[in-house]
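Build the full structure now, drawing on both the sequences and the hints.
Protein chains: 4
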Amino acid sequence: MFPKDFLFGASMSGFQVEMGYAKGDLDPNTDWFVWVREPENLINSVVSGHLPEYGVGYWYNFPTIHKLASDFGMNVLRTNIEWSRIFPRPTYDVDVKVEQTESDITSVQIDERALRELDELADKEAVEHYREIFSDMRKKGLKVFVNLVHFTLPIWLHDPVAVHKRQETDKLGWASKRSIVEFAKFAAYVVWKFDDLVDMYSTFNEPNIVSQMGYVMSVSGFPPAVFDTEKFFATFVNQIVAHARAYDVMKTLTNKPVGLIYAASIYESTNSDAELEESVGQFMNFAFLDAINSGVLLFQTREDLAGRLDFLGLNYYTRTVIQRSAQELSFGLVNMNWSIVPGYGYSCQPGGFSRDGRPVSDFGWETYPEGLLKLLRMMNERYALPIYVTENGVADARDWLRPYHLVAHMYAVERAVEEGLNVKGYLHWSIVDNYEWAKGYHMRFGLAETNYQTKSYNPRPSMYIFREIVKELSTEKFRSYLSSPYQIWRQKG
Amino acid sequence: MFPKDFLFGASMSGFQVEMGYAKGDLDPNTDWFVWVREPENLINSVVSGHLPEYGVGYWYNFPTIHKLASDFGMNVLRTNIEWSRIFPRPTYDVDVKVEQTESDITSVQIDERALRELDELADKEAVEHYREIFSDMRKKGLKVFVNLVHFTLPIWLHDPVAVHKRQETDKLGWASKRSIVEFAKFAAYVVWKFDDLVDMYSTFNEPNIVSQMGYVMSVSGFPPAVFDTEKFFATFVNQIVAHARAYDVMKTLTNKPVGLIYAASIYESTNSDAELEESVGQFMNFAFLDAINSGVLLFQTREDLAGRLDFLGLNYYTRTVIQRSAQELSFGLVNMNWSIVPGYGYSCQPGGFSRDGRPVSDFGWETYPEGLLKLLRMMNERYALPIYVTENGVADARDWLRPYHLVAHMYAVERAVEEGLNVKGYLHWSIVDNYEWAKGYHMRFGLAETNYQTKSYNPRPSMYIFREIVKELSTEKFRSYLSSPYQIWRQKG
Amino acid sequence: MFPKDFLFGASMSGFQVEMGYAKGDLDPNTDWFVWVREPENLINSVVSGHLPEYGVGYWYNFPTIHKLASDFGMNVLRTNIEWSRIFPRPTYDVDVKVEQTESDITSVQIDERALRELDELADKEAVEHYREIFSDMRKKGLKVFVNLVHFTLPIWLHDPVAVHKRQETDKLGWASKRSIVEFAKFAAYVVWKFDDLVDMYSTFNEPNIVSQMGYVMSVSGFPPAVFDTEKFFATFVNQIVAHARAYDVMKTLTNKPVGLIYAASIYESTNSDAELEESVGQFMNFAFLDAINSGVLLFQTREDLAGRLDFLGLNYYTRTVIQRSAQELSFGLVNMNWSIVPGYGYSCQPGGFSRDGRPVSDFGWETYPEGLLKLLRMMNERYALPIYVTENGVADARDWLRPYHLVAHMYAVERAVEEGLNVKGYLHWSIVDNYEWAKGYHMRFGLAETNYQTKSYNPRPSMYIFREIVKELSTEKFRSYLSSPYQIWRQKG
Amino acid sequence: MFPKDFLFGASMSGFQVEMGYAKGDLDPNTDWFVWVREPENLINSVVSGHLPEYGVGYWYNFPTIHKLASDFGMNVLRTNIEWSRIFPRPTYDVDVKVEQTESDITSVQIDERALRELDELADKEAVEHYREIFSDMRKKGLKVFVNLVHFTLPIWLHDPVAVHKRQETDKLGWASKRSIVEFAKFAAYVVWKFDDLVDMYSTFNEPNIVSQMGYVMSVSGFPPAVFDTEKFFATFVNQIVAHARAYDVMKTLTNKPVGLIYAASIYESTNSDAELEESVGQFMNFAFLDAINSGVLLFQTREDLAGRLDFLGLNYYTRTVIQRSAQELSFGLVNMNWSIVPGYGYSCQPGGFSRDGRPVSDFGWETYPEGLLKLLRMMNERYALPIYVTENGVADARDWLRPYHLVAHMYAVERAVEEGLNVKGYLHWSIVDNYEWAKGYHMRFGLAETNYQTKSYNPRPSMYIFREIVKELSTEKFRSYLSSPYQIWRQKG
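Residue numbers (our numbering), protein chains in the order written: chain A, 1 to 493; chain B, 1 to 493; chain C, 1 to 493; chain D, 1 to 493.
Take these hints with a grain of salt, some might be off.
Heads up, the list lumps identical chains together, so a pair's fine if it works in one copy or across two of them.
Quick list of in silico lysine-lysine cross-link-like pairs, DSS-like style, CA-CA up to 27 Å [said to hold, decoys possible]: (1) Lys171 <-> Lys439; (2) Lys139 <-> Lys477; (3) Lys477 <-> Lys455; (4) Lys67 <-> Lys471.
I should point out that these hints are in silico values taken from the structure, not numbers from a laboratory.
Set out below in structure tokens:
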């Protein structure tokens, strides 16, 4: 049984759902907007060629989507406020008090005056529109979970094409320290403007993915797609500091919880190599979070970072199966002695079965629900924080796999709750099909199908299952999915 | 839109759902009970080896299943009364008035005395139990649709093993004319005993399949599995006459409608050979029904058969794709100049796609929803009768295909209604997984999944779709299924 | 290494290869000729509908095929003399001396007079034609391996349709004891007429398959396809006695070796159930051979049967995977407590992989080369006889699988030789594609492809491999096939 | 029929086959040697991680491989001389006479003195070793076809990592004009040193691929993998000029033919868009060759380039299926209005079938033999030159597809010859499996399988077919492959 106050809902992001009519809802001021139409990316097929402006249309249709959420039993929705919409032009000139050591920014303070100056720079229409969105959520009985940055950055802060081409630019995104200060301004402003309508905040969605895909996996289609281990570390650290500084300014303005959303996975080796699993998992899952929770940043103690987390958001899709490499790769600071094993986790052929016999999504991701339970146990043990599953779902246009997938993962959460873990909510990715970054409209993650022509949203069978689980506060009714026809993991879990 | 009084429900049959606990619910007195445990069938894998007595358990669990029907929006259920349960021993000795010509039985009359004698032979506990079942249906708001024979015959009337082995026997089932008389007694007795609880009757379910599978397709696993074209014709004609005689006696006792349920298909040729489609379809779809509707039995006029149909029940699963044979096969009376083309209709490899790119069920049956609309148009044009779709569904353990299948077929029915055809109801096969004859428990046709261990019945996602369609009286909400991802047949239909 | 005198060749059978032009080469006088055009079989698709008279055309083209054999390194060919061609009419009236006990025929003696009477009944043209065939084999450097019965029987001896329909008939084939006497006559006559041209004889090809497919697996398409355990045992025993009586008369006329060809398999259980493997293997592999080798016929000692085997021919295609049944089936004399596990051995889906990951042929047969080595060890240990692999091959139209299959099985034989087993030859099934019984021309077993229109025979790549192995007397050159890409069985073998 | 003097052989390249023992045969001085161990490439999986130094081992085992070629009927082998082996250090300081216009190098002259200076710089052991290789070829009856550059460049001429990272470097490979001069020196030196052993020369292998993969398809794994349309054009033009200057100096030293090897394809649109096929094919197939044949370089007439081709080498693997794009992409000078259609040509899923039902290789390349005939007709019509098919083959580890593939493509060549086209030879790619660039040892293109552990080379079945075709001078014997089981293209071709 889930408790009565458990949060059930879905997550979205601005860039992925807002645009749709390519008119008043257009936001051309993000790095991603530029990135998905860059010819180099198109000719190399690292982006889909789909245009985000012909998408879901949430900017105008939010009441319909909120009603859908409400009708199907949800009590929370997460989305983010697009920085570029609020501040389509730079905020550099707004003066704020910054303290820094030789190497880092240790404090940013934003006073009333600064907030007023920001207000002058802000797009008032956009502010008002987001207020309408959040008001409507509340009206429909949905808690409002606001995230600040979900991948996209204002184009005045990050020019991904210039960085990719290694051209001279000062628009370096998270690779530049000054982004930290601007982010603190944005964060403070959001709280100042929206706090009456918000239930909980997070600063970042998956900052680790931003670093990893942007600066290491340089053929993945993520901006700026440049292999640069220095920039990888810079963005990794700068996002940590940016979170802490934003947290500080936000908490001067609100008592509501401020958390962070992390992309976690379970690292399993093919030959039960516990040492390898430990060392890889340590970096991939804990290094970032340890910094903002315990103030340990890569072996260094940083009091200015510690204790900056009111809750932990976890996005979980599948495991990662790894093995030791024959040869160690050396990248400046880092040596890498492991690699990913194809045929498992994120590295499967779409649509079939993994090497373990588990069903694989349209994206090529393995269904591995026991990993979610494992993850919740692990995170609960390490961090004394309330945990929300902030993303979990499956790209499955035909809804073949989603009924099983949904039940199995919600069962994992239910079980975690029953074990006494401090898990407070489950937000599915996503309520409706939307723009899946480099894959565009090819990947369909919605509980409801989006018809992009008519802007209508049709519940898939899974959505009825979701409603039923929420109504019963239990997966009990659908547990037959757990034993057949794919996997009997209940015994093993 | 469906009209408000449209019947939405499901069909079952006694042998397929009643037994489950192998105790008080056991009925060992049918030909099929013997047939599925006959060693020759087992060693040749023409039957599954599954035992019907460990099945659904409807005999005791009917209230649960009726509640499920009611909860998910159904307003009618069809099942049959097992002849063998009511009369476990022969009824030959009950004297009734039979008139016959040289070749056929033209009248059977059953008076009160005969009914009382039958009553003495009847198993009163079984009678009472069926009354409880039907009463409960009514209590749950379900119309009671009672069928008389659904494949099984009492073992005292049909010894399928003896017939198969061509041993001397007088238990010939429908190959013997005296079965006609006994059936009339059974039919009369049922009306006499149950009429207060029944809304509509049918005499037979798929009599054409009984002849075809039993006496032609002799490796199909249907009793008595003997290739014998004379017996094929005898059973074909005797079931026609049996229907007419039963209809006559029933109508002396009730005003409720008496119909018949026919297994129909759409016959399409690979090269648009209209003449072939016409001639094959003529025999396969119309020969039986013409006899009891218009009194034309294979070129002969028979007034004693005409007008014996108050409504027509149609079971539709898929089409049949045919071609002319290189050589004509000669079977005594009949020459056969066509054959079935593999890769379409009933002749596909399970689980993949047909040669036309349509999804195929676990049974190897092609999804062909436009065939249902075509069939309804054709039948409506030929027979001025109310039509019920009395079976339609798909073997799909994982419910991958059923959401699409269900919506597409219900859309076909909705469209038929909108075209003004006299279609009155849609009964899905089936409400819960059950014993699929020669395939046993391998094929799962339920809107709800049957857990055979715990005797619990878990709604699959499709069942929520069914409920939604019934609620809205339209498939509108789910029409996105019709265009993707399989087929855009809406334009073509 | 194979020894220099090792026999390398191929096997054929008369019915499967002789006809092709449907004129002078036609032999309509066999049970199989009738069987494959019987309407009941056609409409049930238990036979292919292909006509054997449009086949390989060996009757006229034998020189081409013998040249092919010779060009590709073969030194032996096996075929059989069609009984029905030599004696198109009954030989009952030729008087011979028969001794019998109450239950069995213990001796048949055929003197010069009887042989002359047979000669008058024989079709002299057919005799002469077979002599030409064998002479040509010799001319091309091929040893002549003559088999007497390869499934087909003269229609005057076996009416499969009557038996199937359980009609009264005295044409019972091997179910009748008098077939034993007629077979002895045929055998004696063959030796008397052809001995100067023959190198080795066998009486029967796969008598166990004749019993099993004909009288138990009654939907398999083998005549007479009637489930009858008494006839099963009768044919089993009568073929044993027929072999012994034929052996006796043949040995009075020749010193050349007389053997028998048996369809063997390896019986493996899914759970290493040694007791089950032992008991099933005992009956399936040894019961028949024990009788004619050791004189032990189903627990009874029979001196008149013992020692009637000069060599043992083994046909091997794949293993049989078995399991204990939940329930024991009882068939009169026999109880059967096991069943075949689908997904292995003969019970796979065509064209993919078995549940063990081994490649599967067009026929649905698993590639299991280690079984051949296991079989040779087992048979060599039990019987102190020279062994020939008389059939082994794969249905593989595209020659995708055959290169691996051929090398792996010939490697098994080579290894058996190196272990000191008394293995003397390897005859591939087959040299050219031919008529595969119930499957007709669908299954292509040839090292060369038969073009049935032009009657030309094109070597497949495998045939070049075969030639190379024969030339080198070793599979060494091709052993890379053994480790990749399918199976590393060399280490395990 | 092929003519008696037709060249049948195979192609190799130095980098792909020479190394194997990682000792005396090691050549670490190429851009590719560095490239395949660059961490960025490894972590992104754009290279295989396989090391070329554990490869075929041709440097020492050339006699074995030459014998294999000779044993299987070949009369020619092509390989290249690795520039980096002959000149492991820069040749810049050797003074030669260069004439240039404002924009281009129009003449390079290399006199005896310069050749002697080059000789001092050259690695004499390497020179001697290549002479042994070519001598052995001749001894085995193989014509010696020497290519100069097959993708690899000396590391002193091209630093792919620096270029990729857009670091300052003067080692720009073909993007720098001075590479033209150094190449002329290398070309002259090769002729001066090896001409007595060589039968025919080519300057480049697939210069178009070097430009396209290196500077446009920047995620393909080809160095330097940088999207740069200016460099794309520079390398395209500089290779043209380099060919012409090398041709000039070579012809002062030899009378033997000097050609160039081009990677050609057939461009087909999905909707028979002749205009699109024409315009795309024009650039992709003709722009480079027109320059060195007719002196037309991108609309400019260049007499210093015209007539520099004695023969044309064509590498053909499959077609390219294209369609007009919805949007035109603009890349500086060029607008691109078309894109490649997935599911055909090079863009298939490995191992299955293309959208046209044609078998697909391990590499994901469609089998499209009619394209080769189409190509030969097209090239023969445009250029009045002898044509050699210098590469054609298939990645097929199991030799499932190669028999068909080989016969179908050699049939295309045979037919071209019979139509009177000036086609002189067919060189298969390749004689043995080797290092397939970014795919390493994963792709197996050999007629013989390379065992990389033992350095042995086992002929696959296809190699026997190749021998047979060469012996018969015709594909006649194997033409059954053309009609079954894949495609009947003979009628259509």
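Verification of the hints:
{"no.": "1", "hint": "Lys171 <-> Lys439", "result": "within (25 Å within a copy, 36 Å between copies)"}
{"no.": "2", "hint": "Lys139 <-> Lys477", "result": "between (30 Å within a copy, 25 Å between copies)"}
{"no.": "3", "hint": "Lys477 <-> Lys455", "result": "between (33 Å within a copy, 13 Å between copies)"}
{"no.": "4", "hint": "Lys67 <-> Lys471", "result": "both (17 Å within a copy, 18 Å between copies)"}
The structure is consistent with each of the numbered hints, conforming to all of them.
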